[in-house]
Amino acid sequence: MNFYEHTYITSPELSFQETDSVRKKITDILEKNDGKILKEEDWGIRSLAYPIKKNSKGKYSNIYIEGNNKVIKEIELFERYDERVMKFLSIKIKKIPEESSELVKTS
Amino acid sequence: MMKRKKDKKKFNKSGGANSLFNKTNQRQSKSCPLSGKNAPEINYKNLKLLKKYVSDTAKILPSRITNVSLGKQRALSKEIKKARVLALMPYVGN
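Here the protein sequences line up with chains A and B, keeping their order.
So the number in our numbering is just where the residue sits in the first sequence, counting from 1, plus 199.
So the number in our numbering is just where the residue sits in the second sequence, counting from 1, plus 5.
Derived from the structure by calculation, the hints contain no laboratory data.
Honestly, I wouldn't trust all of these hints.
To be verified - Now the in silico label distances, taken between C-beta atoms and shown as ranges:
(1) A:237 x B:70: 38 to 48 Å
(2) B:97 x A:256: 18 to 28 Å
(3) B:64 x A:233: 35 to 45 Å
What the hints assert, rightly or not - Calculated lysine-lysine pairs in the DSS-like style (CA-CA distance at most 30 Å, straight line):
(4) A:269 x B:57
(5) B:64 x A:291
(6) B:42 x A:256
(7) B:77 x A:231
(8) A:286 x B:35
(9) A:253 x B:86
(10) A:252 x A:294
(11) A:256 x B:35
Positions of the beta carbon are idealized from the N, C-alpha and C atoms, including for glycine.
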């Protein structure tokens with residue numbers, strides 16, 4: 200089992216229900232491949248450094264996952280073909296940080 | 006005339022050697038700002054830190070300007086590239 204950090208950007212015009220359904224699908228994939236979400240961070244809507252799919256803003260969500268490499272492959276496969284997800288990045292990490300990052304929405 | 010020229014040459018030679026030696030003494034190497042005990046953590050989420058090591062046109066600054074050590078420079082450039090993927094930092098500036 201490894202630790203992963205996964206960040207994905209959804210388009211900002213989505214309603215709360217739609218972003219929640221994206222999250223639900225990820226948790227479903229995790230359950231199927233016996234992975235777990237250990238920590239979650241919401242970075243809120245941020246302005247992008249460059250336009251992605253003609254959007255100048257994006258909604259960032261960050262999750263810390265425990266699981267094997269299959270989980271990450273499945274999640275990325277789903278996100279690649281889902282139009283609601285604009286971009287994603289997953290990184291293998293050794294430790295899960297205890298403090299929340301600076302990017303967490305404060306307001 | 007000939008004598009004078011010879012004298013000059015001799016003077017230059019000794020002077021040149023001295024100035025070279027002095028230069029190495031005058032230049033003091035600055036220590037790496039990202040090494041040491043109280044050094045900040047290099048992470049792609051730490052945007053305030055990363056923006057210091059990027060030029061106006063969003064290029065990564067060379068370590069010979071910023072005095073970052075070789076290992077830390079490698080880590081820094083990797084984290085900047087991660088931040089670029091997530092559109093937290095630009096690939097090209099204005």
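Evaluated hints:
Our hint of 38 to 48 Å for residue 237 of chain A and residue 70 of chain B holds, since their Cβ atoms are close to 40 Å apart. As the Cβ distance of residue 97 of chain B to residue 256 of chain A is approximately 19 Å, the hint placing it in 18 to 28 Å holds. Judged by the Cβ atoms, the range 35 to 45 Å given for residue 64 of chain B and residue 233 of chain A holds: they are separated by roughly 44 Å. Of the pairs offered as hints, the one joining residue 269 of chain A and residue 57 of chain B is violated, with about 37 Å between alpha carbons and a cut-off of 30 Å exceeded.
For the suggested pair residue 64 of chain B and residue 291 of chain A, the alpha carbons sit about 26 Å apart, so the restraint of at most 30 Å is met. Taking the CA atoms of residue 42 of chain B and residue 256 of chain A, the gap is about 38 Å. The hint is violated against a cut of 30 Å. The straight-line distance between the Cα atoms of residue 77 of chain B and residue 231 of chain A is roughly 39 Å, outside the 30 Å bound, and the hint therefore fails. Distance hint between residue 286 of chain A and residue 35 of chain B is unfulfilled; the C-alpha atoms sit about 40 Å from each other, more than 30 Å.
Simply put, residue 253 of chain A and residue 86 of chain B have alpha-carbon atoms about 22 Å apart, close enough for the 30 Å limit, and the pair holds. With a CA separation close to 33 Å, the supplied pair residue 252 of chain A and residue 294 of chain A exceeds the 30 Å bound. The straight-line distance between the Cα atoms of residue 256 of chain A and residue 35 of chain B is roughly 40 Å, outside the 30 Å bound, and the hint therefore fails.
In the structure shown, a violation is registered for the earlier hints numbered 4, 6, 7, 8, 10 and 11, in ascending order.
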